[in-house]
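Chains as they are written, first to last, in numbering that gives the first Met the number 0: chain X, 0 to 655; chain S, 0 to 296; chain R, 0 to 134.
Among the hints, erroneous ones may be present.
To be verified - EDC-like mimics (lysine to aspartate or glutamate), calculated; alpha carbons at most 20 Å apart, straight line:
hint : chain 1 : residue 1 : chain 2 : residue 2
1    : X       : Lys338    : S       : Asp168
2    : S       : Lys202    : R       : Asp61
3    : S       : Lys202    : R       : Asp45
As the list claims (entries may be wrong) - Calculated from the model, a selection of chain R residues having no Cβ within reach of chain S, i.e. all distances over 12 Å:
hint : residue
4    : Tyr2
5    : Met9
6    : Gly22
7    : Phe26
8    : Tyr29
9    : Gln30
10   : Asp87
11   : Met92
12   : Thr97
13   : Gln102
14   : Asp116
15   : Pro122
16   : Val128
17   : Lys131
Don't read these hints as lab results, they were simulated from the structure.
The beta carbon of each residue, even a glycine, is placed where N, CA and C say it ideally should be.
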Amino acid sequence: MKKIGVFICHCGVNIGEIVDVEKLTRQIANYPGVEHVENYMFLCSDPGQNRIKQAIQDKFLEGIVVAACSPVLHESTFQNVLEESGLNKYQLEIANIREQCSWVHTDRVMATRKANLVIKTAIEKLKLNESLIPSTAPLTKKAMVIGGGIAGIQTALDIAEGGYEVILVEKKPSIGGHMIQLSETFPTLDCSQCILSPKMVALAKHKNIKLYVNSEIESIEGFIGNFDVKVRQKALYVNPDVCNMCGDCADACPVLVPAEHEEGLAWRKAIYMPFPQAIPATFTLDEDSCLGLEPIACGKCRERCDAKAISYDAKPTIFKEKVGAVVLATGYDLYPIEKIAEYGYGKYPDVITSLQFERILSATGPTHGEVRRPSDGKVPKEIVFIQCTGSRDPERHLPYCSKFCCMYTLKHAKLYKHKVHDGQPYVFYIDIRAGGKRYEEFVQQAVSEEEVVYVRGKVARIYPHGDQLRVFGIDTLSSKRIEVDADLVVLAMGVVPSYGTDKLIHELKISSDSAGFFTEAHPKLRPVESLQAGFFLAGSCQGPKDIPDSVSQASGTAAKVLALLSHDEIQHSPIVATVDQDHCSGCGICIGLCPYGAREKDPRLGVVVVNEILCEGCGACISGCPSGAAQQKNLTDMQIENMIHIIASHSISSEI
Amino acid sequence: MNLAYYPGCTLKNHASHFEQSAIRAMEKLGMPMTEMKDWVCCGTVYSQTTDDLMLQLASIRNLLRAESQGIDELAVLCSMCYNTIRRAKDFIDKDKENLRKVNQFMYKEPIEYSGRVKVTHLLPILRDRITFEKVAEKVVNALTGLKVGAYYGCLLVRPEAYAIDDFEDPSIIEDLFTALGADSRAFPYRLECCGAYQTITRKDVTAKRTYELINSAWETGCETIVTSCPLCAFNLDQRQKLAQETFHTFRTMPVFYFTELMSIALGGGWDEDWVRLHEIDPRPLLREKGLLPEVRS
Amino acid sequence: MRYVISRKKMHNPLLQKLQELSGQNVFDCYQCGNCSSGCAVVEYMDIKPNQVLRLAQLGAIDEILASETIWICSTCLQCSSRCPKGIDVSRVMEAARTINLRQRIGVVEPTSVSEEDLRDVPPIVLVSVFRKLSG
Numbered sequence: 000m001k002k003i004g005v006f007i008c009h010c011g012v013n014i015g016e017i018v019d020v021e022k023l024t025r026q027i028a029n030y031p032g033v034e035h036v037e038n039y040m041f042l043c044s045d046p047g048q049n050r051i052k053q054a055i056q057d058k059f060l061e062g063i064v065v066a067a068c069s070p071v072l073h074e075s076t077f078q079n080v081l082e083e084s085g086l087n088k089y090q091l092e093i094a095n096i097r098e099q100c101s102w103v104h105t106d107r108v109m110a111t112r113k114a115n116l117v118i119k120t121a122i123e124k125l126k127l128n129e130s131l132i133p134s135t136a137p138l139t140k141k142a143m144v145i146g147g148g149i150a151g152i153q154t155a156l157d158i159a160e161g162g163y164e165v166i167l168v169e170k171k172p173s174i175g176g177h178m179i180q181l182s183e184t185f186p187t188l189d190c191s192q193c194i195l196s197p198k199m200v201a202l203a204k205h206k207n208i209k210l211y212v213n214s215e216i217e218s219i220e221g222f223i224g225n226f227d228v229k230v231r232q233k234a235l236y237v238n239p240d241v242c243n244m245c246g247d248c249a250d251a252c253p254v255l256v257p258a259e260h261e262e263g264l265a266w267r268k269a270i271y272m273p274f275p276q277a278i279p280a281t282f283t284l285d286e287d288s289c290l291g292l293e294p295i296a297c298g299k300c301r302e303r304c305d306a307k308a309i310s311y312d313a314k315p316t317i318f319k320e321k322v323g324a325v326v327l328a329t330g331y332d333l334y335p336i337e338k339i340a341e342y343g344y345g346k347y348p349d350v351i352t353s354l355q356f357e358r359i360l361s362a363t364g365p366t367h368g369e370v371r372r373p374s375d376g377k378v379p380k381e382i383v384f385i386q387c388t389g390s391r392d393p394e395r396h397l398p399y400c401s402k403f404c405c406m407y408t409l410k411h412a413k414l415y416k417h418k419v420h421d422g423q424p425y426v427f428y429i430d431i432r433a434g435g436k437r438y439e440e441f442v443q444q445a446v447s448e449e450e451v452v453y454v455r456g457k458v459a460r461i462y463p464h465g466d467q468l469r470v471f472g473i474d475t476l477s478s479k480r481i482e483v484d485a486d487l488v489v490l491a492m493g494v495v496p497s498y499g500t501d502k503l504i505h506e507l508k509i510s511s512d513s514a515g516f517f518t519e520a521h522p523k524l525r526p527v528e529s530l531q532a533g534f535f536l537a538g539s540c541q542g543p544k545d546i547p548d549s550v551s552q553a554s555g556t557a558a559k560v561l562a563l564l565s566h567d568e569i570q571h572s573p574i575v576a577t578v579d580q581d582h583c584s585g586c587g588i589c590i591g592l593c594p595y596g597a598r599e600k601d602p603r604l605g606v607v608v609v610n611e612i613l614c615e616g617c618g619a620c621i622s623g624c625p626s627g628a629a630q631q632k633n634l635t636d637m638q639i640e641n642m643i644h645i646i647a648s649h650s651i652s653s654e655i
Numbered sequence: 000m001n002l003a004y005y006p007g008c009t010l011k012n013h014a015s016h017f018e019q020s021a022i023r024a025m026e027k028l029g030m031p032m033t034e035m036k037d038w039v040c041c042g043t044v045y046s047q048t049t050d051d052l053m054l055q056l057a058s059i060r061n062l063l064r065a066e067s068q069g070i071d072e073l074a075v076l077c078s079m080c081y082n083t084i085r086r087a088k089d090f091i092d093k094d095k096e097n098l099r100k101v102n103q104f105m106y107k108e109p110i111e112y113s114g115r116v117k118v119t120h121l122l123p124i125l126r127d128r129i130t131f132e133k134v135a136e137k138v139v140n141a142l143t144g145l146k147v148g149a150y151y152g153c154l155l156v157r158p159e160a161y162a163i164d165d166f167e168d169p170s171i172i173e174d175l176f177t178a179l180g181a182d183s184r185a186f187p188y189r190l191e192c193c194g195a196y197q198t199i200t201r202k203d204v205t206a207k208r209t210y211e212l213i214n215s216a217w218e219t220g221c222e223t224i225v226t227s228c229p230l231c232a233f234n235l236d237q238r239q240k241l242a243q244e245t246f247h248t249f250r251t252m253p254v255f256y257f258t259e260l261m262s263i264a265l266g267g268g269w270d271e272d273w274v275r276l277h278e279i280d281p282r283p284l285l286r287e288k289g290l291l292p293e294v295r296s
Numbered sequence: 000m001r002y003v004i005s006r007k008k009m010h011n012p013l014l015q016k017l018q019e020l021s022g023q024n025v026f027d028c029y030q031c032g033n034c035s036s037g038c039a040v041v042e043y044m045d046i047k048p049n050q051v052l053r054l055a056q057l058g059a060i061d062e063i064l065a066s067e068t069i070w071i072c073s074t075c076l077q078c079s080s081r082c083p084k085g086i087d088v089s090r091v092m093e094a095a096r097t098i099n100l101r102q103r104i105g106v107v108e109p110t111s112v113s114e115e116d117l118r119d120v121p122p123i124v125l126v127s128v129f130r131k132l133s134g
């Protein structure tokens, strides 16, 4: 029988306070197969690791159980200890007696009994563990970035600068994201377009970057290092290589639709240039609003195009790309104003969103930077900003803080004062969150020097009142009921994952949180990696972020991608499913169950075979296999039965 | 089939025109109403404390009696009764322990409570069972040109779980009046409190509320306000006198139960006798719009 | 005004009673003020609805019980329907009234209602007033 060593960690008081480690050590010592058992205050420490090494050496141990924290944290630490001692790393089992025992229980006696059983099941599993060797696979030294906002642009540039090829996929006709819509940026008030457009140009010209706009992900198959991606690009009715951007087509076009870039505050034609700095620099035809791609219906733009850049026969194209890593940088959108009943559901023209106000402030916007309200073009002299619209409202809207609204609202109020000197801004807020570098100073300066009046309380309702809006609020600091007759109301809308992210989550089977933001592999220690190997995160798709945070994360993400791409091959866990060919009837149930496409029927043998590189060891096939032919390495039916037997043969309520 | 209805206390005195006009209107719509027998006061206000068992008994007794009379659906006209009885029903339907306790007080009733009776306000019956299209077909005396502001107040739309329509943006009364040929106008204050039972202790509060609500209706171009709550109707109509004394710019506005105007539109007429129940005489407005018989003839 | 807070204040039995009767956790409140800004009768209140929650969090239940506010509240439920934390503020008001009423402290003495009111107001008003405001 395998000689097994068991090491029990106190983890300071984390385990030791609830689990009687000394008693546990004595109990486990008598368990069949256990050659050695000891406990230690911090097994993950260097001396702790050395004790394991020493015991392996002294007692010729062949398998190790470490009873400590979750394997997510230290499994690899202890696997290295085994390897350094000459053992196969799959002869290690972690018994999680912290997260799954001491942290969730309060009764010392019962918790100790549970820890005892958890360790014994680990021992039983270990007894039948095989020594395995990870499989290796080649690696495509190329990355894909999904989303062309500031986060995606920065990630793509950094990876490209690192010497690897990048493919950037953007849904809209131009890269730039929401940042290109912004007027000026806090806390420095530099022009957003001025700082972003050089990056956009650099991206367009970079020899290592290939750009697909008007494109979405059709599918991603494969695994880390070896993804096969299908990109669906909408029909490009305007050939970007031929278009000379003269604009005659747009002049000829009879269709007017609200311009997305202007947040609906201006009109655009069905054939249009999204904005002057658009990359790629070309006109684009929006097939949804075009009167008809049949020339009989309209055809005016093609007639007018001297460059002959327009073709109505263009078809969507599927591009196939192989990449080694995928970066998700799909960004955010605003929570819909239509859901805010008390502020008029978006029905009052002079109650606008924060992004609409950005466009009003922008020199390239619909009012050329003059602050004029949408309804009648009047310059608003009384202006109300309402923070936390939709945010911090678990009951009806979004439970979380959208993080950057405090700062952009303040910036709005400031920029407004810079443009309308005799105007009065009021900011209704609940709390001001100004934790970034030089943010607090930015707030204080506005309040003491720029006459921005902060009112602490949430606005309950807005009613039209003549040509103004009557805003009903409260100042909880003075307990005064506040009413303002405002000319314009700007809502600091909460932030949600960009529209379409849910589809991507579904398609790619990427972990996301309850709000729909992508989940990082660890909230503190692995903040730029997804839980799915080979997928990385950048920007607001992981959670609301301002520009400095997005750019920092983007560069961090790029570093992680570069580290991955610098390898020549990738290792793949050998904990994969197997098929016992003698028992497999070839029914194929497992093929449909496999989420990774790792199973297929061998036409020659008539049985199912597993692609070990694709298999992620999830076990879905095993639970579905009617004949028991599907097994998982180091988690066989026999091992599971033995583990269950240990649990089932002891009553937790009696002494073990 | 006849529709069983629960009138509640005020429809037998101060709001008798609410009951009478509803009976006339429903008759014209081909769904005559029959008053349930042996009803008692609903309690008027739903209790908001957790140990409120005793305060539910009156409402539940009504439900039990309705059930014993073979009634499947009980139409309630008054907003407050609707709210109180409807929530009392959930109190026992959603908690078996509450039901068990309540049953201990019901030994004098003929049957055990089964929860079979559905409690509905008259407005959803018009919308869902009769439909506003059908209502429109039955209009003989369209309210053409009458600018009507629907006043919901609190209890038709709050709490959300018992709202007869979208609790933030209802349109059921506006839609009804559009079907009746009127010019429906949603005025901003239509979901706001009228001051309710402050009307004895703090008449100043209700007078100010009335002033603000009616003003909001005028500003939206309304000529009249309709309601389905006798308490709201009392405050909005009777307290206009005080509003006028307090706020000199105040302009009075007639207030109707929605059923009064329904009765007119559907050919049930408007009873001259009802004028004594109105503080602000609505006849000039009705005459102006050609909605009183003697003017038409 | 000096207000000393202590463990004893924080474990005020009246606070427990208020939470028990209302079924609401007053510590859910983060003082956004929405209840107060949406209240139709807030201008008549001596302490605003958000302050009622705040005083409860500080254990100052006596101040709540002695306030005008709890009697001015007309249970229109606007605050409850809009609270971002799902606190049924009107239930807190009712609980405060109830604690008073059960000690026979109210603001309307049934026998003192005027002849005029008894004649004019509909029964629906009288029943509501006696249930909500009479100790």
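Okay, the hints, checked on the actual structure:
Between X:Lys338 and S:Asp168 the CA atoms are separated by roughly 11 Å; this keeps the pair inside 20 Å, and the hint holds. With a CA separation close to 27 Å, the supplied pair S:Lys202 and R:Asp61 exceeds the 20 Å bound. Between S:Lys202 and R:Asp45 the CA atoms are separated by roughly 17 Å; this keeps the pair inside 20 Å, and the hint holds. The beta carbon of R:Tyr2 is kept farther than 12 Å from every beta carbon of chain S, the shortest such distance being approximately 28 Å.
Interface exclusion of R:Met9 from chain S stands, the closest Cβ pair being 22 Å apart, more than 12 Å. With 12 Å as the threshold on Cβ separation, the claim that R:Gly22 sits away from chain S is violated: the shortest Cβ distance comes to roughly 5 Å. No beta-carbon of chain S is positioned within 12 Å of the beta-carbon of R:Phe26; the least distance is around 17 Å. Distance to chain S confirms R:Tyr29 as a non-interface residue, since its nearest Cβ pair spans about 21 Å, more than 12 Å.
Chain S leaves R:Gln30 outside its interface by the beta-carbon criterion, the shortest separation being 22 Å against a cut-off of 12 Å. For R:Asp87, the shortest C-beta to C-beta distance to chain S comes to about 8 Å, within the 12 Å cut-off, and the non-interface label is violated. Listed as outside the interface, R:Met92 is inconsistent with that label: its C-beta sits roughly 8 Å from the nearest C-beta of chain S, within the 12 Å cut-off. Against chain S, the non-interface label of R:Thr97 is violated: not every CB pair exceeds 12 Å, the least being about 5 Å.
With a least beta-carbon separation of about 15 Å from chain S, R:Gln102 lies farther than 12 Å from that chain, consistent with its non-interface assignment. Not every CB of chain S lies more than 12 Å from the CB of R:Asp116, the least distance being 5 Å, so the non-interface label is violated. Distance check on R:Pro122: its Cβ comes as close as 4 Å (rounded) to a Cβ of chain S, failing to clear the 12 Å threshold; non-interface status is violated. At roughly 5 Å, the least C-beta separation between R:Val128 and chain S is not larger than 12 Å, which violates its mark as non-interface.
With a least CB separation of 6 Å from chain S, R:Lys131 falls inside the 12 Å interface cut-off, contrary to its annotation.
When each numbered hint is compared with the structure, violations occur for hints 2, 6, 10, 11, 12, 14, 15, 16, 17.
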